[in-house]
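Dock chains B, C and D with the ligands against the given chain A, drawing on the hints supplied.
Read top to bottom, the protein sequences are chains A, B, C and D.
Be aware that the first sequence starts at 1, since it is given in this note's numbering, and climbs by one per residue.
Be aware that the second sequence starts at 1, since it is given in this note's numbering, and climbs by one per residue.
Be aware that the third sequence starts at 1, since it is given in this note's numbering, and climbs by one per residue.
Be aware that the fourth sequence starts at 1, since it is given in this note's numbering, and climbs by one per residue.
By construction, these hints were calculated from the structure, which means they are not laboratory data.
Where a beta carbon is used, it is the ideal one built from N, C-alpha and C, also for glycine.
Hints are supplied without guarantee of correctness; some may be wrong.
[What the hints assert, rightly or not] Not the full set, but computed from the structure, chain B residues with beta-carbon under 10 Å of chain D:
| # | residue |
| --- | --- |
| 1 | Gly74 |
| 2 | Gly77 |
| 3 | Ala95 |
| 4 | Leu96 |
| 5 | Gln143 |
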Amino acid sequence: GGGTDDAAEEGSSTPKRGGRLRAAFAGGGASETLDPHLANLFADVARAKALYDKLADYGPDLSAQPRLAASWESNKTLDRWQVTLRKAAFHDGKLVTAKDVLYSYRRIADPEQTFRAKASLEPIDLDASRATGDNGIEFVLKRPTAEFPNILAAFGAYIVPENAGETSDLDTKPVGSGPFRFVSFAPGRSAVFRRNDDYWEGAPHLDELEFVVANEESARVNALLGGQVEYAHELNPTTARAHEGKGQIEIVRLRNSAMQAFCMKTDRAPFDDKRVREAFFLIADRKELVDGALSGAGVVGNDLFGKGYEYYADSLPQREQDLDKARALLRQAGAENLKVTLDTSAVAAGFTEAASIFRDQAAKAGVTVDVKMGSKDSYWADILDSGTLCCYRSGAMPIEAHISQRLLTDSTTNATKWQHKDFDALYQQAQSTRDKTERAAVYERMQRRLYTEGGFLIWGFADWILGTARTVRGVEAKAPANTLDWARFDKVWLA
Amino acid sequence: MNHTTGPVAEIRDLRVEIDGRAIVDGVNLRVRPGKVTALVGASGSGKTTTGLALLGEYPPGARVTGEVHRSADGLVGYVPQHPAAVLNPARRVSALLHDIARPQVRGLPRAERRTAARELVLRSLSDAQLADGEALLRRYPHQLSGGQQQRVVLAQALLLGARIVVADEPTTGQDALTKSRVVGQLAAVAARGIAVVLLSHDLDVVRALADEVLVMRAGRVVESGPVERLWTAPRHEWTRRLLDVQRAAAPRDGTGIEAAQPLLNVLNLTAVHGRTTVLRAPHLALHPGECLAVVGRSGSGKTTLARCLAGLHRDHDGEILLDGVALPRSLRHRSRTQLAAVQYVFQDARASFDEHRPVLGQVARTAVRLRGADDRTATEEASATLGRLGLSDDLAHRLPGELSGGELQRAALARALLARPRVLICDEITSGLDTVTRRALLDLLAGLVGDGDDLSLVLVTHDLDTARLAHRIAVLDAGELVEQGPTGRILAEPQHAFTVSLMNATAHLEAGSRFRART
Amino acid sequence: MTRRRFTLGLAVVAVPLVLALLGPLFTGAPGPRSGSFTLGGEHWLGTDFVGRDVWRQVLHGGRTVVLTALAATALAYLVALPVGLVSALTHVRRLEELLMRPLDVLLAVPSLLLILLVASVFSPGAAGIALLVALVNVPDAARIVRAAAGEVAARPAVEALRMQGETWWRIAVGYVGRSALRTLAADAGIRLTGVLYLVSTAAFLGVGVAPDAADWAVMVDRNRTGLFVQPWAVVVPALLIVALTTGTNLLFDAALEKTPRQKGRRP
Amino acid sequence: MSKSPRASGLRSFVARRLLLGAAQTVAVVLLVFALTEALPGDAAVALAGDQPDPARIAAIREAMDLDRPAYERLADWAAGLLHGDFGTSLASGRPVAQYITDGFGPSLLLAALTLALLVPLGFGLGVLAARHEGRLVDRLVSGVTLAVYAVPEFALGVLLVTVFALKLAWLPPTAVGYGTDLLGHPAALVLPVLVLLSRPVCSLSRLVRAGMVDALASPYAAHARRYGVPGARVRYTHALPNALAPAAQQLARTVDWLLCGVIVVEALFVIPGLGTVLLNAVAERDVPVVQGLAVVFGVLTVVLNLGADVVAHRLTPRAGVAA
Ligand SMILES: Nc1ncnc2c1ncn2[C@@H]1O[C@H](COP(=O)(O)OP(=O)(O)OP(=O)(O)O)[C@@H](O)[C@H]1O
Ligand SMILES: Nc1ncnc2c1ncn2[C@@H]1O[C@H](COP(=O)(O)OP(=O)(O)OP(=O)(O)O)[C@@H](O)[C@H]1O
Ligand SMILES: [Mg+2]
Ligand SMILES: [Mg+2]
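This is chain A alone, in the form it adopts within the complex (with noise of 0.2 Å):
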């Protein structure tokens, strides 16, 4: 939209400081938490990212950026990184240490606890890691991680003071060293934070931050609107298009920021063909589906992940629909008059509506869809080892963590069940090859496969739109959810 480059464009000019921003967040309700190791949601990562600094945090192409990190090293066989941190504090006064990292570091890895991002940093043998003086760590891993900085920068690794969590409170006196120091949480509503004037990477322009929680879309839209809020997060496409260009409020629409899918499992019938899979591939118009599902807010995909990128194969032919030669795939499979369910729930935006044009989509080729509708709050869990054919979607991720997440024989959530040991051992070559451009090949193979045989249909890579008030600048467009300019308020500033 324009409305998006003038705001880059303003954002340019000399920001201002002080003033307080209030932002509006889709909330986890009365269970929320400030704990930066149980942030789950969207409203619980910017609140840490306010509040804390992970060692590393990704860039707009998801690529691994310095933080609290100023430099990493590996030894020549990648199982052993050397991780310089930079001068920082804690609001309490205190240096950032590696003996902080570690603690924090050992107490996501708790084998007792749940942490979300325990398993992104399962590479690291946290046993054998160890303090190297007050600002150096040396990490050993267990395997050679040619993307090591990845884990640094893994969703919910977050670095607390040494203690936090056993010593004191990490809802009411949580300290951190981000931009922002705490002032008061009341789950579910409101967290109010502060400037941190010794803020390593320079004091934030904002005097005062507060997030606010509005989980329906239209109280958001509303709130801004009428002036309650500044920036009002995750907004819908329909939403975007009355309000962009209007003058009234700034529509900022991030790229690339969630995959979506359907999902086959490859291990079953008629999905264990890859001419099925490859005929599914064909009937899905994808304009279609962007512009039904998605409103239009979106580009279309090439069943591959993370467009855009880095390491994305954006070399391979955009695929078109092509009913006759889908039909003539699923005769050859012997699976004419094919009948599947499609899983669905209204777990995301745009997946009942995906699944309908689908369904119809399908029935051009003679493929009889059947949408089933699940339950929302166990749909994660219910898709992954049943059913056929599911509604999937994906927040912003390196592809490399995707790969390994998903597509490995051991990966925790496969739902596609791609299981295939040549692909593994395809990963593990790119995870010990030193050289960007030989790794960049690498993948670029592994991709190609599954652009031809995959189970992960990707039609489509949605916006994330937000809305912010004209007053507003310093925002970034370029930064899709989950990386680091996504939701960074010590950049921003009220004119």
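Chains B, C and D with the ligands alone, transformed into the frame defined by chain A:
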């Protein structure tokens, strides 16, 4: 008499027409202050309709011609024929009366209003012959006996302080003692200069009270004149008939009946309302073919007794045996034969009908349900029975709301008769009937009893004249069965002091002594 | 007067009814989809949230609404009426408690929650949903029936009917029900509307009708996000529902209106 | 003398119903517990969200004690309840009592305000319509309330917000950021209360109207009018009580509905009430919180229904004396 006073209300050439049928036709009526104007006439002759016209009210859908003038502005007191209907079931008696008293104390300082209103209310209750007013005030209308309800409505009319009072059958539900006091009260009201319009079948009351009498028949006034003249020299044939039938039927002879096995036997009956015991009847028997009259003052428990027998009042102890077999306490548990065997005709006929369905159908259902007759036969039988009671087919096809009080009473009787009951309990069924109709009806009942198809009759009544029809009389006083015996003996030589006073009061009224203080 | 009122109600209710019953006959094959919430073009009422033609959806969406809502309301009353009447007419306290208290248990669970819970546990079909929606309405309706019938059941007319050995049904429905008819009709009319939206909310929560079904109530719910971009997708089905329920209620009113009380002309 | 039996009848009636109410509340809790347990997925699955790593779910399950049989957890919880302890939330580990008290305030406030307007409005409109039965006023009142009733809450809410908050800027569009201190921002309550009112007003006034039409046409109302009882008094003290029993039932249901689940309004205006807490708790499969709320709703329903029944009992004194 003071003829110089002009009328406070006047009806001229009134004609009320429904569906092209005139129910009141060419009625002229002048209501003078301090005078009692009485309307008498056959049941269904248009008395109530005329009375209501004075209030400016007409049946729905009526076409009205003629003139009604009320010079006295303000309100008109009204005691309707069916008092239950105008008593709000959700409000206590005190509220019902205070509503009317309130405007009258408006002139007083705020602090005094409450007590003043209360005083007025209590006075009106005692004026209406309701003793124990304090206790009554706390009750809801359904907790009163029929006669008590009627007197509460009368109290309302007295409390109103209107210049005209239209009283439609104000004494029907009252025993002779109360009746004579009510009559006295009405006389006192007239003496205060208030115009009273009395619609009544009770000729004793009319004679005792009225200054001017209009005799109605089929919607027309056939004769009118001062009460003395009418009684001594009736000109119209109909008037003569109406006055004639006054005395009739000598006491029945009940000998021989007692010998048979009692049909209905009541043993140690006590009935309660809440925690108050309102009836105690140690022993009461009804023999086949016998007619038993139950008399007593208003509120003495007559209806309660009847309802116990009929299975309508569950809160009782003791036994009720039919043919020696105990009847279930509630009619819900009675078999069809048992239901058919004991039938009850409600005191308030209007309330006992379904207002949404024509009378004929409702009457016929008894035969269908209790005797297994098919619809057609039942309807024919119903229409025949109604005809015998003087209700034409045209009337029978109407809704209950479109019938007069007396007509409904007869319909209710027909409904019970269609069960071919062995025990028929009639609660004040003649109260709404003119003498001619009443006589006919009582004769009909007597005929049924005498017919030998072992119909026994329980007549709950205030009217000793009606009680005379019975073989035996039972006397209730304040819930106690004080005396019972053959009619002749009870009437001739009552033993209990209460019975004696009851007889005296009746005689007093019948003697036609004028209650009115002459001006 | 009553006639005119009747005609008015009939006219108001006829539009949605005719559309509902005959609408599906007048639609051809679905055309190609357009973008969501567009206006103009070959779609004269625009497109809905997934780019379907709104007018076509409107034509298709009436039957389910009308049928499920009517069925659920009728069903609720089918149970509530006997239960309420039995407890009003019985003098056995225990029977009344036995009938009414368990229903109170259902009342204590907010109806939407109950539907959500039961539906996610048993995942019923459309008929099941109608049943479920009826079920959550039963306790409520039964209480109203009980309350409306309570006073009527104590009238002498009922005693007289009992005296005649009248059947329970005739007493309960023929008299008590008839006397409380106005109140019950008012409640039923209102309930119909409530049921309609309960069915659609259930659809939204993923039970019963498909969440993208052509169903007026579902359309109103699902297209709400586009209210300011493409109002017709919400306004047209909403107006039809308004017409349906308002018309029904007005018809009830007219049918129950007292015969005109032309007060006799005063002389 | 004649009063005491009735009064004591009422007292024993209330006592018996309260006893029954305890049983009902237990039944409600059991029902809700059984249903929440039967829901697909549990707190662990819900918490895992889109990272349903089976090992992690198992670990969470263990951490939450969910691996114990359901009846044991229920028994523990019930034992705690006897000491007034509602248990702790699975999702956050905070006491359930805190959830309830936090949510109750806003809900109660909204409910009280709505009721304070609803009662006069609902009864007033019902009486007004009945008074003019069949005439323009009646048709207007009936038509408008019915039409409003047929508009779902969110649509009405959106409409009101658009007009009064966004276009005219008279009122704040939401209560966002006010937390529980809603009383401090009365303007923020106007729109929610209006939306909350929209439907009950219609159902209440329709029921009142229905009863009133019959009551106003009754002979006792005519008699009161005849005796010069002022019109308003006839309507409100004579006719209304006879029309009230069904309306009282409806009102009790409305209070219940207001307190338990005006989820749409709470969401639309960002009011953190009980409905929101409940929905979240169900979504999180936070069984102790759901159970705690079930207790609250159970008790509430019992009390309200009892209230409605007592009102009905008082207003139809004749009921229950039939043979
Ligand atoms: N609403 C009505 N519709 C049709 N006919 C009616 C209506 N009301 C009364 N009538 C008829 O008009 C006639 C006169 O009725 P009214 O009540 O005036 O009689 P009444 O003299 O008071 O009789 P009773 O002594 O039995 O009370 C009766 O035949 C009755 O059936
Ligand atoms: N529901 C009730 N609750 C309390 N007391 C009642 C109730 N019904 C009647 N009573 C009282 O019981 C007594 C007997 O009433 P009952 O109706 O049997 O009298 P009755 O002899 O038929 O009088 P009437 O001749 O006036 O009809 C009266 O004093 C009456 O006030
Ligand atoms: Mg009469
Ligand atoms: Mg009596």
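Checklist entry - Can you give the numbers of the hints that this structure goes against, from lowest to highest? => result Violated hints: none; all satisfied.
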